[in-house]
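Same order as they appear, the protein sequences are chains A and B. So the first sequence is numbered by UniProt numbering: it starts at 1 and just counts up by one. So the second sequence is numbered by UniProt numbering: it starts at 1 and just counts up by one.
Calculated directly from the structure, the hints in this document are not laboratory data. Positions of the beta carbon are idealized from the N, C-alpha and C atoms, including for glycine. It cannot be assumed that every hint is accurate.
List time: in silico DSSO-like cross-link candidates among lysine-lysine, alpha-carbon distance up to 27 angstroms [to be verified]:
#, chain 1, residue 1, chain 2, residue 2
1, A, Lys237, B, Lys237
2, B, Lys127, A, Lys109
3, B, Lys127, B, Lys109
4, A, Lys109, A, Lys20
5, A, Lys127, B, Lys237
Per label pair, the in silico range of CB-to-CB distance [stated by the list, open to error]:
#, chain 1, residue 1, chain 2, residue 2, range
6, A, Ala134, B, Gly44, 42 to 50 angstroms
7, B, Ala103, A, Arg249, 37 to 45 angstroms
8, A, Glu261, B, Glu263, 55 to 63 angstroms
9, A, Glu108, B, Arg216, 42 to 50 angstroms
2 protein chains.
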Amino acid sequence: MNIVLVGLGLIGGSVAKALKQNTSHRVLGMDVNEDVLLDACSSGAIDGKASLADVESADLVYLSVYPEDILAFVRQYGKRLKPGCILTDACGIKREICHAVEALSRDEKGAWCAPYQFVAGHPMAGKEQSGFAASDPSIFSGASYILVPGSASQEAVETVASLALQMGFGRVVQVSAEEHDRNIAYTSQVPHALACAYVLSPRCRQHQGFSAGSYRDVSRVANINDVLWSRLFLDNKQCLVDELDELLRNLQKIRDAVDREEEGELRRLLQAAAQIKREVG
Amino acid sequence: MNIVLVGLGLIGGSVAKALKQNTSHRVLGMDVNEDVLLDACSSGAIDGKASLADVESADLVYLSVYPEDILAFVRQYGKRLKPGCILTDACGIKREICHAVEALSRDEKGAWCAPYQFVAGHPMAGKEQSGFAASDPSIFSGASYILVPGSASQEAVETVASLALQMGFGRVVQVSAEEHDRNIAYTSQVPHALACAYVLSPRCRQHQGFSAGSYRDVSRVANINDVLWSRLFLDNKQCLVDELDELLRNLQKIRDAVDREEEGELRRLLQAAAQIKREVG
């Protein structure tokens, strides 16, 4: 396949390297930053810079850019893509993106009028650094790759799924955009909000010498990309607020049990948590 | 030195193994569980079971048992220890323990009347399993060892400090019991309360396939020993409640900024957090 990667940051760069390492597809790249494109070319992460003609003849276009730039790309290049081209993304929220891409791909009667098929995706991998320099295909190893098929053909979905497995992901999970966003609010967005809230305590500046694994783990992702994550939080507002409220309630229960010295209630809460963790891992 | 370890759980067992690996001290053990003592003897983690005579002739007694059992030991054996014996502990809270041991060690006029010197300690190491079977001296590698000298002599403090470094700890920090408890509420107790509150969400049961490092890190210590941690939480009540309130406030701010779609405020909060994390690590 001729693959065009749009955006060569942490995820796009890692995808590029994984594809070059593990497949024989032709991999071309686009990035707003020319230095990144140069680095990607000279390190062999991509076969070259994608021209407009390359975009138009691509078999698969992989978008790993900010949510609004996904839509900007679809508006600008969508109609010029080759018939049957598979368009996929790596955005961390799916309802907003899927609805917006659908809206750009259907005519006023609701019929699909775009040349491409859209298979929304979310590689469940990352790390606390960002940018091409941090990209590393080993972050994909054994991780989960989520696909939201929408109205794409089974064939297109399977093409993206097998590409994910070739990149080193351990499994592919297909879900609805709604289910994705609810789960991701819990598994990814809450921990990021939490890490930030945690380090905002004035005590944080005295942690050296008093911290071990627990501090390190909770605070790990606090060095956050505020532009990207504000967008992701707001684009998943209701799911995230619901999960944060759930966490605030449970944390308040533990706090109140301590404050009221209710040892029985406190033990019950900790026991229930330990039981869940043992069961679900 | 003749060292007696009281309690051969995760920490006591790891201390035993570290002392046998890295020093030539004679290491004897006591544990309420005879099977654990047998395992510790047969695996070479200790040189043998400590008799009452061994306790009475020990140069150093290391208590890694539950807070109330530390006091029970001091009540039962304190007066029988050899003059100059160093008594030290590994309990995760220090004000309660230090005050209680001091109270047991002074006469009605407030003069020290115990044969031992008490050097309170807290090895900042652990893992999510507990018990002798999980003990492993490598958890100490490079970690911080906190000492609360109280009224112990500088010589006694230095003996414990150098033992900690021989066990593989990376540094020894001396602080007051108050400073210890405030910092530990933040660096250790809040993350444990948080892990429990986090997995209590009904969404937790659906995390498989949607989780990566963030979920794993925040939930890691949720499989908690509820008896031990309820005790530690209650024994450090005010410090912990203060820090939980701080976290609840900051988390609420992030939640409200998302709920009100205040992108500027949300970015400001995330930016502030990222800045702190970059500065303090």
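Sort out whether Lys237/B lies within 27 angstroms of Lys127/A, counting only the CA atoms.
35 angstroms, violated
Is 42 to 50 angstroms a correct range for the gap between the Cβ atoms of Ala134/A and Gly44/B?
Holds, at about 44 angstroms.
Tell me if the beta carbons of Glu108/A and Arg216/B are separated by a distance inside 42 to 50 angstroms.
Once the Cβ atoms are compared, 46 angstroms apart, the range 42 to 50 angstroms for Arg216/B and Glu108/A holds.
Taking only the CA atoms, is the gap from Lys127/B to Lys109/A under or equal to 27 angstroms?
59 angstroms, violated
Measuring from beta carbon to beta carbon, are Glu261/A and Glu263/B in 55 to 63 angstroms?
For Glu261/A and Glu263/B the Cβ distance comes to about 42 angstroms; the hint is violated.
Please work out if Lys237/A and Lys237/B have their alpha carbons no farther apart than 27 angstroms.
34 angstroms, violated
Is Lys109/A close enough to Lys20/A, meaning Cα to Cα at most 27 angstroms?
41 angstroms, violated
Are Ala103/B and Arg249/A spaced within 37 to 45 angstroms by their CB atoms?
39 angstroms, holds
Is the Cα-Cα distance between Lys127/B and Lys109/B 27 angstroms or less?
43 angstroms, violated
When held up to the earlier numbered hints, the structure conflicts with 1, 2, 3, 4, 5 and 8 and fits the remainder.
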